[in-house]
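Asker: Next come the chains, spelled out residue by residue.
Protein chains: 2
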Amino acid sequence: MNILVGQSGGPTAAINSSLAGIISAAFDSSKIETVYGALHGIEGFLDDRVFNINNYFDFEKIELLKTTPGAFLKSCRYPLPEDLNDPIYPKIFEKLDMLWIGAFIYIGGNDSMTTVDRLSRYAKKIGHPCLFLGVPKTVDNDLPIIDHCPGYGSAAKYVATQVRNIGMDICAYKASSVTIVEIMGRHAGWLTASSILARKYKGDNPLYIYLPEVPFSIDRFFADIEDGLTKQDDLLICVSEGIRDKDGKFISEYNSAVDVDSFGHKYLKGCGIILEKLVKDKFKIKTRSIELSLPQRCAAECQSAVDIQEAFDCGVSAIKAVLDGENAKMVCINRISNTPYKVNYSLIDVTNTANKEKFVPANMILPSNNDVSEEFIDYCLPLIQGETKIKRENSLPTYLQIEC
Amino acid sequence: MNILVGQSGGPTAAINSSLAGIISAAFDSSKIETVYGALHGIEGFLDDRVFNINNYFDFEKIELLKTTPGAFLKSCRYPLPEDLNDPIYPKIFEKLDMLWIGAFIYIGGNDSMTTVDRLSRYAKKIGHPCLFLGVPKTVDNDLPIIDHCPGYGSAAKYVATQVRNIGMDICAYKASSVTIVEIMGRHAGWLTASSILARKYKGDNPLYIYLPEVPFSIDRFFADIEDGLTKQDDLLICVSEGIRDKDGKFISEYNSAVDVDSFGHKYLKGCGIILEKLVKDKFKIKTRSIELSLPQRCAAECQSAVDIQEAFDCGVSAIKAVLDGENAKMVCINRISNTPYKVNYSLIDVTNTANKEKFVPANMILPSNNDVSEEFIDYCLPLIQGETKIKRENSLPTYLQIEC
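Those sequence lines, one after another, are chains D and W.
With the working numbering, letter number 82 in the first sequence gets 220, and the count goes up by one each step, no holes.
With the working numbering, letter number 346 in the second sequence gets 484, and the count goes up by one each step, no holes.
Treat the hints as calculated values from the structure; they're not laboratory data.
It is possible that part of the hints are untrue.
One copy or any two copies: either way a pair holds, since identical chains are not told apart in the list.
Lysine to any residue pairs mimicking SDA-like chemistry, simulated, CA-CA at most 20 Å apart [to be verified]:
id: 1; residue 1: Lys415; residue 2: Glu391
id: 2; residue 1: Lys338; residue 2: Lys529
id: 3; residue 1: Lys415; residue 2: Tyr392
id: 4; residue 1: Lys527; residue 2: Ala443
id: 5; residue 1: Lys424; residue 2: Gly408
Owing to the predicted nature of the structure, the values given are computational and were not obtained by experimental measurement.
Using the sequences and the accompanying hints, generate a full structural model.
Answerer: This is how it looks when you write it as structure tokens:
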């Protein structure tokens with residue numbers, strides 16, 4: 139049997155470790171002949187952009203792939219139509235047949251699981267034997283059912299590390315200051331919540347943490363800052379990029395009417411820079427905003443060893459599922475114990491994950507809506523443990539990359 | 139003899155290693171009794187904010203201090219008046235005498251060296267025996283005479299690492315994209331130039347690098363991008379925050395007239411976000427800007443071992459200078475060989491460094507003004523070598539910090 143594997147959605151620091159797990163387990167199986175990579179996921183596959191993984195990989199490259207950020211096989215955002223009568227489906231299956239593909243494994247988030255779901259339903263409809271499996275990936279950690287997503291632990295570790303670093307920097311001067319750190323997560327606040335791990339003791343920075351799961355009020359925000367400034371000189375505040383007010387309006391959309399250039403084009407700004415300005419105007423103190431931006435999902439030097447290993451194991455589990463003849467499933471991580479931290483892997487119906495989001499639950503957010511709880515720390519801390527050993531040349535990280 | 143030490147200006151990831159060198163060498167000398175730290179530099183000293191270093195530090199704490207980012211003794215921006223008849227001078231010397239201070243060592247950049255210069259000139263004027271010495275520090279690397287500044291190597295390593303990481307992320311999708319990374323350096327482009335170390339081969343990202351030393355032209359920038367997009371799909375471009383046009387106007391000030399809110403207040407934005415908008419409007423392709431921001435100077439996990447050691451050695455050299463009775467000097471790093479990389483330390487008259495800036499020289503900038511040369515790589519690469527071992531608890535970095 140031949141296997142096709144693809145990556146889809148936003149890259150993470152761990153998505154390639156899942157690919158490494160798939161390749162490693164496939165190479166270990168006598169039942170799997172050739173592993174093909176779909177370059178740019180299902181979108182590239184439709185253009186016959188296929189990469190022969192057997193010809194390229196050896197043990198050393200698989201090892202290097204584990205700590206390589208970005209999507210090694212390149213990615214796409216290419217939703218398949220809901221209508222299974224769409225001509226794209228027979229086209230895809232014709233291409234699968236041409237390469238004798240017996241199983242397709244897609245590494246991705248919510249949208250990618252929808253792709254797996256639709257392809258498997260089309261296969262069932264036409265009685266095609268190809269298996270379709272999903273391997274979870276997202277820094278947002280918003281896939282349902284699964285305890286946590288590969289990619290999240292490393293991103294959370296980057297956030298906690300930088301927030302702690304920034305906290306060391308901002309307290310240098312005598313004058314009071316407010317620093318607002320904007321963190322990824324448009325709908326789910328998992329990544330923003332991880333900033334609490336930077337806090338060393340009660341009252342340490344980050345003093346406030348605002349998630350998109352609960353309404354954000356500017357007045358309440360000002361009151362928090364006013365209170366915070368009575369306790370300490372330098373406030374570090376973490377906000378999710380997706381915070382919204384009680385009417386559901388994104389804070390990043392505030393002031394958009396005035397924020398246009400001479401051609402009438404709107405500037406696209408994050409909520410951090412908007413809050414920075416509002417705080418500066420209100421409190422007349424030194425205020426800055428920092429958007430952690432892309433390094434959140436690609437800074438290999440902050441990888442969590444637990445995350446990278448789990449991502450790898452998810453890939454291995456997908457190959458095991460293929461060999462077991464499983465279909466229309468996503469690999470799931472289950473936390474079976476927290477002290478000591480221990481997980482196992484299972485399969486869940488991909489239909490149950492497709493296009494569904496998991497939010498930070500109420501018990502992990504303090505009633506004051508400006509902080510997260512001990513329950514969250516217990517949940518998140520095990521996921522950032524351990525460092526990976528990244529390969530270096532001239533003291534800079536070296537990664538695996540194909541030209542395409 | 140008692141010693142007073144202070145830190146001044148923006149913190150770096152290496153400034154505390156210089157302090158560790160000073161403390162370590164002072165503890166080793168039988169001639170030095172008590173080492174005092176001026177909290178918040180000369181500003182805090184005027185308020186009697188003095189910290190007894192002997193009582194606090196042991197070997198373990200000195201070791202931890204070496205890899206701790208931020209200014210351990212807190213910092214200030216507090217220029218002393220040029221007029222040596224100002225009453226602030228007798229006030230400072232009265233306080234020095236009260237603690238029997240025989241030498242004051244100030245760790246800082248250009249402005250701090252001006253402070254050292256003025257204090258030593260005042261001492262000479264009144265015939266006071268206190269010695270004044272400077273230890274260089276700045277991520278901007280813009281102090282004159284010295285081969286390079288402690289703090290620069292670690293910041294350069296952070297920049298090169300993140301630019302390489304971001305380069306791995308941005309090439310995931312099929313659609314073309316432009317990513318603009320904004321790097322610290324308002325007048326000198328040393329830190330922005332270090333982004334070239336992320337380039338693995340000719341034509342690799344970052345494709346273009348723009349420094350403040352040469353005029354920036356939007357038209358030329360557009361032409362560069364147009365040309366770049368014929369060669370590759372995803373352009374990564376590095377710009378210094380301080381790029382200016384031929385008339386000396388900062389790009390970050392472009393569009394400021396329209397960029398006001400309903401109260402008429404100006405938004406303060408970086409040049410990255412302005413260029414992002416201009417590129418988006420012109421090329422109608424996916425464009426994003428990333429400001430590397432504070433982590434450039436506080437990300438301990440990207441410290442250069444060479445930098446941290448040299449910073450430490452500069453501190454040791456300052457104590458040696460004190461014991462030799464030197465006055466009005468700054469510790470200087472001299473590169474005596476590049477292959478193998480080797481430095482020694484000397485002293486230079488602080489007058490020659492005070493308020494002077496060193497810019498990236500013409501031979502390190504390509505005539506096209508959009509890239510840096512091999513000469514720069516030869517200069518910079520030795521400075522980022524080696525990793526430090528940062529102490530961790532729960533897999534997050536732990537640092538040394540005093541409550542004050």
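Asker: Could you run down the list of hints and mark each one as holding or not?
Answerer: Consistency of the hints with the structure:
Both within a single protomer and between protomers do Lys415 and Glu391 lie at most 20 Å apart by alpha-carbon distance, with minima of 14 Å and 17 Å respectively. Only between protomers do Lys338 and Lys529 lie at most 20 Å apart by alpha-carbon distance; the minimum there is 14 Å, versus 31 Å within a single protomer. Taking the shortest Cα distances, Lys415 and Tyr392 sit within 20 Å of each other both inside one copy (11 Å) and across copies (18 Å). With identical chains, the CA atoms of Lys527 and Ala443 are at most 20 Å apart both within one copy (9 Å) and between copies (17 Å).
Taking identical chains as interchangeable, the C-alpha atoms of Lys424 and Gly408 lie at most 20 Å apart whether they share a chain (19 Å) or sit on different chains (16 Å).
Checked against the numbered hints above, the structure breaks none of them.
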